[in-house]
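Novice: As a plain string of letters, each chain reads:
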Amino acid sequence: MTDDLTHMDGNCLAGPLSEILAVEPTAAWWRCPQCGRSGTLAQLHVYGPEPGMTAVCPGCAYIALRLVKEEDHVWLALGSGTSAVRFRTA
Amino acid sequence: MRPVGSLSPGFRGRARTLTDRLPPGQYPTESFPVLSAGPTPHVATDGWTFTVTTETGDSRTWTWQQMMDLPQEDIVQDIHCVTRWSKFDTHWRGVSLDVFLEDVETAATYVKATSYGGYTTNLPLADLRGGKAWIVHGYDGFALSPEHGGPARLLVPHLYLWKSAKWVSGLRLTREDEPGFWESVGYHNYGDPWREQRNWGD
Ligand SMILES: [Zn+2]
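Chains as they are written, first to last, in the UniProt record's numbering: chain A, 1 to 90; chain B, 1 to 202.
So that you can see chain A by itself, here it is in the shape it has in the complex (with noise of 0.2 angstroms):
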């Protein structure tokens, strides 16, 4: 995906997970299912910020979480299913 300039760097996760999460969220660690790379949150490739965020695997795209900001919410979705969770931030 080294081809790919349209991209931002993991550390623009800091603020929408930090959020929602009381950790250092991009310091979180993270194993690509599909090709077994692994690494931190920070080094996930980001598309967006709209209609919402994408972070992909650096190594070969697999979407590792969506992230969608809303007026009073947060929307996270881990790995490339359906399954999502919506918080409160307001």
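Some hints here could point you the wrong way.
Here are the in silico distance ranges between beta carbons for each label pair [what the hints assert, rightly or not]:
1) A:D72 x B:A143: 38 to 44 angstroms
2) B:V104 x A:E71: 28 to 34 angstroms
3) B:S59 x A:T89: 38 to 44 angstroms
Some chain A residues well away from chain B (every beta-carbon gap over 12 angstroms; in silico) [as the list claims (entries may be wrong)]:
4) E19
5) G36
6) A55
7) A77
No wet-lab data here; the hints were simulated from the structure. Quick reminder that beta carbons are idealized off the backbone N, C-alpha and C, glycines included.
Got chain A; can you put chain B with the ligand on it based on the hints?
Specialist: For chain B with the ligand alone, kept in the frame of chain A given last:
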């Protein structure tokens, strides 16, 4: 958009019409912003296929050439993105979904559109029928670029543009409405721009 002041009086009527064509909460743009949720897939047309799968597992697949041999339409439509931009009179070329769905026997009422790269979006099957949805491969007289969903994308202009799946690879017909990539993280299941159905609960 040109400022209204630069239009001659004869064009004021048309300017008003454009206002009527702008859904609530939207602004008009002449540019064509690219929103991406992952790396842009580069799909060669000689390996491209489009597959319609019914709820019973029956499927029908078209190759690029078979798709190009179907009746082609030139399409002029306004498009509306949930990030609030709208673009009037966009020109596309492609094949009506009515053509692909013509001989498909199904009792399904919903569709999950799938894309190269893993994107999905859900729609009622009825919204793909009746001359209001297409598989498009041309934009503004040229082959549709990968950034805008080429080689071929879904075009469902009466819904917010996230429903018009880029890099479309197929349609899965379902009895149940299953949320897609954005619908499962808070975006509206239907997405009618005229009713501002942006988020879950709108
Ligand atoms: Zn991976």
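Novice: Now tell me if each hint is right for this structure.
Specialist: For each hint, the structure was consulted:
Taking the beta carbon of each, D72 (chain A) and A143 (chain B) are about 43 angstroms apart, inside 38 to 44 angstroms as hinted. Between V104 (chain B) and E71 (chain A) the beta carbons are some 41 angstroms apart, a value that contradicts the proposed interval 28 to 34 angstroms. Distance hint check: the CB atoms of S59 (chain B) and T89 (chain A) are about 43 angstroms apart, consistent with the given range 38 to 44 angstroms. For E19 (chain A), the requirement that its beta carbon stay farther than 12 angstroms from each beta carbon of chain B is met, with the minimum near 15 angstroms.
Remark: the non-interface label on G36 (chain A) is consistent with the geometry, its nearest Cβ contact in chain B lying 18 angstroms away (cut-off 12 angstroms). The claim that A55 (chain A) is not at the interface with chain B is violated, since a C-beta of that chain comes within 12 angstroms of its own (minimum 10 angstroms). For A77 (chain A), the non-interface assignment is contradicted: its Cβ lies about 5 angstroms from the closest Cβ of chain B, within the 12 angstroms cut-off.
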